[in-house]
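> Protein chains in written order, with this note's numbering: chain F, 1 to 208; chain R, 209 to 272.
Hints should not be assumed to be uniformly reliable.
Claimed, not checked - List of simulated lysine-lysine pairs, DSSO-like, C-alpha gap at most 27 Å: (1) R:LYS231 - F:LYS160; (2) R:LYS258 - R:LYS231; (3) F:LYS4 - F:LYS17; (4) R:LYS249 - F:LYS113; (5) R:LYS211 - F:LYS175; (6) R:LYS249 - F:LYS138; (7) F:LYS124 - R:LYS249; (8) F:LYS164 - F:LYS102; (9) R:LYS211 - R:LYS249; (10) F:LYS102 - R:LYS249; (11) R:LYS211 - F:LYS164; (12) F:LYS106 - F:LYS22; (13) F:LYS17 - F:LYS77; (14) F:LYS175 - R:LYS231; (15) R:LYS231 - R:LYS211; (16) R:LYS249 - F:LYS175; (17) F:LYS22 - F:LYS4; (18) F:LYS124 - F:LYS160; (19) F:LYS124 - F:LYS175; (20) F:LYS164 - R:LYS231; (21) R:LYS231 - F:LYS124; (22) R:LYS231 - R:LYS249; (23) F:LYS164 - F:LYS175; (24) F:LYS160 - F:LYS175; (25) R:LYS249 - F:LYS106; (26) F:LYS164 - R:LYS258; (27) F:LYS102 - F:LYS113; (28) R:LYS249 - F:LYS164; (29) R:LYS211 - R:LYS258; (30) F:LYS22 - F:LYS164; (31) F:LYS138 - R:LYS211; (32) F:LYS138 - F:LYS106; (33) F:LYS106 - F:LYS164; (34) F:LYS102 - F:LYS124; (35) R:LYS258 - F:LYS138; (36) R:LYS258 - F:LYS160; (37) F:LYS124 - F:LYS77; (38) F:LYS102 - F:LYS77.
Since the hints were derived computationally from the structure, they do not count as laboratory data.
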Amino acid sequence: MIAKEELDRAFDSRFSKEMQEKLRNARVAVAGLGGLGSNIAVALARSGVGHMLLVDFDRVDTTNLNRQAYGISQLGKPKTQAILEVLAEINPYLDIRCSLTKVTEKNAIELFKEYPIVCEAFDKADQKAMLINTLLEKTSNTIIVSGNGMAGVGSCNDIKTVHKLGRLYICGDEKTDIEEGVGLMAPRVMVTAGHQANQVIRLILGLE
Amino acid sequence: MVKINGEEENVGGMTVEAYITSKGYDRTRIAVEINMDILPKCEYGSRILKDGDMVEVVSFVGGG
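Looking at chain F on its own, in the form it has when it is part of the complex (with noise of 0.2 Å):
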């Protein structure tokens, strides 16, 4: 197996030093990882990101091959164990927890009272809600990246970043909603996945 000081000298240098040890040193959970999570864990982990809970109740089926990261040989598994897969094959050496768990107003705050950034990656608008208001109304620190809005097949240029609230960004267009009979493709939601893990690397970096 390839080892773990190749693969750090392999990560670009022109970032510096300290930028590449932000990123091993931190800590982000995902939760969902259906066609945002699974993106934005894959966008994590080729960024070095050190430290990462991910967390899914589902197994992998076929409506899942058009945007997620997930493959043939994976239908069936646990989303959990599924994302582990491929994960490994980018970078075998970062510390990646999964918990094969439905989030809930009761054990949202244990599961991710660790990870200072935690990405909203749901697919139902309430479970969204759900998990926001949760960790806005009983953490002090935390900060949630969320994904809101990237069904259809409208310009990617309506999806942006907004900071939103003082604990919360919101990445999405807002509006498109797979409840009014639009459906979701990989190209938006891996657009929405990417604006999701740009601002959790620029949240790592000390960035606004």
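We have chain F already, so just place chain R on it with the hints.
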């Protein structure tokens, strides 16, 4: 006047609950911040909007 999502609105004296209902928001799909603090769901019915309050209502849509 109360500033809500950047717009001045003449809704002083209304509860948050009454305001969000009048605007057609689904309370299970929103988060509300007043003067930079998150407003717990259990306070929507009792928190009365006052002139000068700065309110942000974030509304979530499905998809992920």
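> Evaluate each hint against the coordinates.
Consistency of the hints with the structure:
1. The suggested pairing of LYS231 of chain R with LYS160 of chain F holds, with an alpha-carbon distance near 24 Å, which does not exceed 27 Å.
2. Restraint check: the Cα-Cα separation between LYS258 of chain R and LYS231 of chain R comes to about 18 Å, which is no more than 27 Å; the hinted pair holds.
3. Only pairs whose Cα atoms come within 27 Å are accepted, and LYS4 of chain F paired with LYS17 of chain F is accepted, the gap being roughly 16 Å.
4. Pair hint LYS249 of chain R plus LYS113 of chain F holds up; C-alpha atoms about 21 Å apart against a cutoff of 27 Å.
5. Annotation: proposed proximity of LYS211 of chain R to LYS175 of chain F holds, straight-line Cα distance about 22 Å (limit 27 Å).
6. Taking the CA atoms of LYS249 of chain R and LYS138 of chain F, the gap is about 12 Å. The hint holds against a cut of 27 Å.
7. Under the criterion of a C-alpha separation no larger than 27 Å, the hint pairing LYS124 of chain F with LYS249 of chain R is consistent with the structure, at around 18 Å.
8. For the proposed pair LYS164 of chain F and LYS102 of chain F, the alpha carbon gap of about 26 Å is at most 27 Å, so the pair holds.
9. Note on LYS211 of chain R and LYS249 of chain R: the hinted pairing holds, with a Cα-Cα distance of about 20 Å set against a maximum of 27 Å.
10. Restraint check: the Cα-Cα separation between LYS102 of chain F and LYS249 of chain R comes to about 21 Å, which is no more than 27 Å; the hinted pair holds.
11. Annotation: proposed proximity of LYS211 of chain R to LYS164 of chain F holds, straight-line Cα distance about 15 Å (limit 27 Å).
12. Of the supplied pair hints, the one linking LYS106 of chain F and LYS22 of chain F is violated, its CA atoms being roughly 31 Å apart against a limit of 27 Å.
13. Between the alpha carbons of LYS17 of chain F and LYS77 of chain F the distance comes to roughly 37 Å, so the proposed pair goes past 27 Å and is violated.
14. At roughly 16 Å between alpha-carbon atoms, LYS175 of chain F and LYS231 of chain R fall within 27 Å of each other, so this suggested pair holds.
15. Pair hint LYS231 of chain R plus LYS211 of chain R holds up; C-alpha atoms about 15 Å apart against a cutoff of 27 Å.
16. Distance restraint check for LYS249 of chain R and LYS175 of chain F: the Cα-Cα separation of roughly 23 Å lies within the 27 Å cut-off, and the hinted pair is therefore satisfied.
17. A hinted pair counts as satisfied when its Cα atoms are at most 27 Å apart, and LYS22 of chain F with LYS4 of chain F qualifies at roughly 17 Å.
18. A hinted pair counts as satisfied when its Cα atoms are at most 27 Å apart, and LYS124 of chain F with LYS160 of chain F qualifies at roughly 20 Å.
19. Note on LYS124 of chain F and LYS175 of chain F: the hinted pairing holds, with a Cα-Cα distance of about 14 Å set against a maximum of 27 Å.
20. About 19 Å separates the Cα atoms of LYS164 of chain F and LYS231 of chain R, which keeps this hinted pair within 27 Å; it holds.
21. Distance hint between LYS231 of chain R and LYS124 of chain F is fulfilled; the C-alpha atoms sit about 21 Å from each other, no more than 27 Å.
22. Annotation: proposed proximity of LYS231 of chain R to LYS249 of chain R holds, straight-line Cα distance about 17 Å (limit 27 Å).
23. The straight-line distance between the Cα atoms of LYS164 of chain F and LYS175 of chain F is roughly 15 Å, inside the 27 Å bound, and the hint therefore holds.
24. Of the pairs offered as hints, the one joining LYS160 of chain F and LYS175 of chain F holds, with about 12 Å between alpha carbons and a cut-off of 27 Å not exceeded.
25. Proximity of LYS249 of chain R to LYS106 of chain F is assessed by CA-CA distance (about 15 Å); at most 27 Å being required, the pair is judged to hold.
26. Between LYS164 of chain F and LYS258 of chain R, the direct Cα distance comes to roughly 21 Å. Compliance with the 27 Å bound is thereby established for this hinted pair.
27. As the CA atoms of LYS102 of chain F and LYS113 of chain F are separated by approximately 16 Å, the hinted pair is consistent with the 27 Å bound.
28. Between the alpha carbons of LYS249 of chain R and LYS164 of chain F the distance comes to roughly 18 Å, so the proposed pair stays at or under 27 Å and holds.
29. Proposed proximity of LYS211 of chain R and LYS258 of chain R is supported: the alpha carbons are some 10 Å apart, at most 27 Å.
30. Distance check on the hinted pair: LYS22 of chain F and LYS164 of chain F sit about 25 Å apart at the alpha-carbon level, within 27 Å; holds.
31. Between the alpha carbons of LYS138 of chain F and LYS211 of chain R the distance comes to roughly 25 Å, so the proposed pair stays at or under 27 Å and holds.
32. Using a Cα cut-off of 27 Å, the hinted pair LYS138 of chain F and LYS106 of chain F holds, with the two alpha carbons roughly 11 Å apart.
33. For the hint linking LYS106 of chain F to LYS164 of chain F, the alpha-carbon distance of about 25 Å falls within 27 Å, and the restraint holds.
34. With a C-alpha separation of about 13 Å, the suggested pair LYS102 of chain F and LYS124 of chain F falls inside the 27 Å cut-off, and the hint holds.
35. Distance hint between LYS258 of chain R and LYS138 of chain F is fulfilled; the C-alpha atoms sit about 25 Å from each other, no more than 27 Å.
36. For the proposed pair LYS258 of chain R and LYS160 of chain F, the alpha carbon gap of about 31 Å is over 27 Å, so the pair is violated.
37. Restraint check for LYS124 of chain F and LYS77 of chain F: satisfied, since their Cα atoms lie roughly 21 Å apart, inside the 27 Å limit.
38. For the hint pairing LYS102 of chain F with LYS77 of chain F, the CA-to-CA distance comes to about 16 Å; that is within 27 Å, so the pair holds.
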